[in-house]
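Participant: Here are the chains, one letter per residue:
2 protein chains.
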Amino acid sequence: MIESIVKPKDGLPLTRHPDLVLISDTPKGRGVFAAKDIPAHTILETCPVLVLDPQENKLHIEKTSLYHYTYNWPTTTATGKPQTTQAVILGLGSMFNHSTADQNVGWERDVINGLVTYKSLREIREGEELCISYGSRLTFVDADAAAQTVDEGDGSLVLGSIEVDDI
Amino acid sequence: MIESIVKPKDGLPLTRHPDLVLISDTPKGRGVFAAKDIPAHTILETCPVLVLDPQENKLHIEKTSLYHYTYNWPTTTATGKPQTTQAVILGLGSMFNHSTADQNVGWERDVINGLVTYKSLREIREGEELCISYGSRLTFVDADAAAQTVDEGDGSLVLGSIEVDDI
Chain A
1 MIESIVKPKD GLPLTRHPDL VLISDTPKGR GVFAAKDIPA HTILETCPVL VLDPQENKLH
61 IEKTSLYHYT YNWPTTTATG KPQTTQAVIL GLGSMFNHST ADQNVGWERD VINGLVTYKS
121 LREIREGEEL CISYGSRLTF VDADAAAQTV DEGDGSLVLG SIEVDDI
Chain B
1 MIESIVKPKD GLPLTRHPDL VLISDTPKGR GVFAAKDIPA HTILETCPVL VLDPQENKLH
61 IEKTSLYHYT YNWPTTTATG KPQTTQAVIL GLGSMFNHST ADQNVGWERD VINGLVTYKS
121 LREIREGEEL CISYGSRLTF VDADAAAQTV DEGDGSLVLG SIEVDDI
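Here the protein sequences line up with chains A and B, keeping their order. Sequence positions in the first sequence follow the UniProt record's numbering and run 1 to 167. Sequence positions in the second sequence follow the UniProt record's numbering and run 1 to 167.
FYI, nobody ran anything at the bench for these hints, they're computed from the structure. Among the hints, a few may not be true.
Because identical chains share one entry, a pair is satisfied inside a single copy or across any pair of copies.
Listed below are the simulated SDA-like cross-link pairs for lysine to any residue, each with C-alpha atoms no more than 20 Å apart in a straight line [said to hold, decoys possible]:
#1 K81 with V111
#2 K63 with D53
#3 K58 with Y69
#4 K36 with P18
#5 K63 with L50
#6 K36 with S24
#7 K63 with V51
#8 K63 with T85
#9 K36 with T15
#10 K28 with E128
#11 K28 with T85
Make a model of the complete structure from these sequences and hints.
Facilitator: Written as structure tokens, this is what we have:
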């Protein structure tokens, strides 16, 4: 029986903050918003990822609109050489819009376990949209009118710091 | 300001049950398990979906392993004719494994809002894996040894009923 071979207490927690809502009709399209105030440094969601085969990614996924939703993901070749592919984020991570001027969400890859965890970078007030920086993956015209010069990092969260997007 | 143009209290709730964990090393690969008992008819997760362009889907996505994670999704052509494409389920819906003999999770599409909601079909005990029926999308050898004849429905949950997979 399954009960005898797995230990759910040793499983990886799949947190999602309970005070998040999806709103469809915004200037950025669908987006995730805070329904209540959320403190700084709060886990917003842990998302499993689907790591794409590098060949399939190059041949197919890069040619579709899905590509714009994927994240860079480190992997290795059959001979152990490092290479980069893409991963699909299976959760709200794929729904967070971009903000250059006022990102309030940072993220961190867990490559071993195939997870991305998102945290609030500062207090997020009720009614605010949750936004990450897409960094160098920005493939559209920035909807933030007062765009600032932005570090083209990859958006990884530096744990214990509210400085992100600078690795 | 964003606060003035959206109403988070009118947003779509993004429920995820708090007692779910991910376990990587199971006979079916990664899977979602109950860390505590979960009552019947409980919402397990509401997942936004990414509806794929039908042309891109046919030309590219169908040729990748990602295809096996997608769900059939109704859409219309430019002239309003019904057609079927695929959607990527952005959440744990993409992580639920298949069970022919003992599925305990049903699901329902919300086509208007681009969501899928998953509910427990019966009480799920601590330690059990959460499994749906892939129905006619079964593209692999069934890991359930005692497989029964199964209705090749599309797995949609009939709300208010524990009879599923029969539409």
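Participant: Now tell me if each hint is right for this structure.
Facilitator: Here is what the structure says about each hint:
1. Taking identical chains as interchangeable, the C-alpha atoms of K81 and V111 lie at most 20 Å apart only when both belong to the same chain, with a minimum of 16 Å there against 43 Å between chains.
2. Taking the shortest Cα distances, K63 and D53 sit within 20 Å of each other both inside one copy (14 Å) and across copies (12 Å).
3. In this assembly of identical chains, K58 and Y69 lie within 20 Å of each other by CA distance both inside one copy and across copies; the values are 15 Å within and 19 Å between.
4. Taking CA atoms no more than 20 Å apart as the test, K36 paired with P18 passes in both settings, with 9 Å inside one copy and 18 Å between copies.
5. Within a single copy, K63 and L50 get their C-alpha atoms as close as 18 Å, and across copies as close as 16 Å, so both meet the 20 Å cut-off.
6. Taking the closest pair of Cα atoms, K36 and S24 come within 20 Å of each other only inside a single copy of the chain (18 Å); across copies the shortest separation is 33 Å, beyond that limit.
7. Taking the shortest alpha-carbon separations for K63 and V51, both the intra-copy value of 17 Å and the inter-copy value of 16 Å come in at or below 20 Å.
8. Proximity of K63 to T85 under the C-alpha cut-off of 20 Å is found in both arrangements, the shortest distances being 14 Å within a copy and 17 Å between copies.
9. For the homomeric pair K36 and T15, the shortest alpha-carbon distances inside one copy (17 Å) and between copies (15 Å) are both at most 20 Å.
10. For the identical chains of this complex, K28 and E128 are intra-copy neighbours only, at 13 Å inside a copy versus 40 Å across copies, given an alpha-carbon limit of 20 Å.
11. Taking identical chains as interchangeable, the C-alpha atoms of K28 and T85 are never at most 20 Å apart, the minima being 27 Å within one chain and 24 Å between chains.
Of the numbered hints stated above, the single one contradicted by the structure is hint 11.
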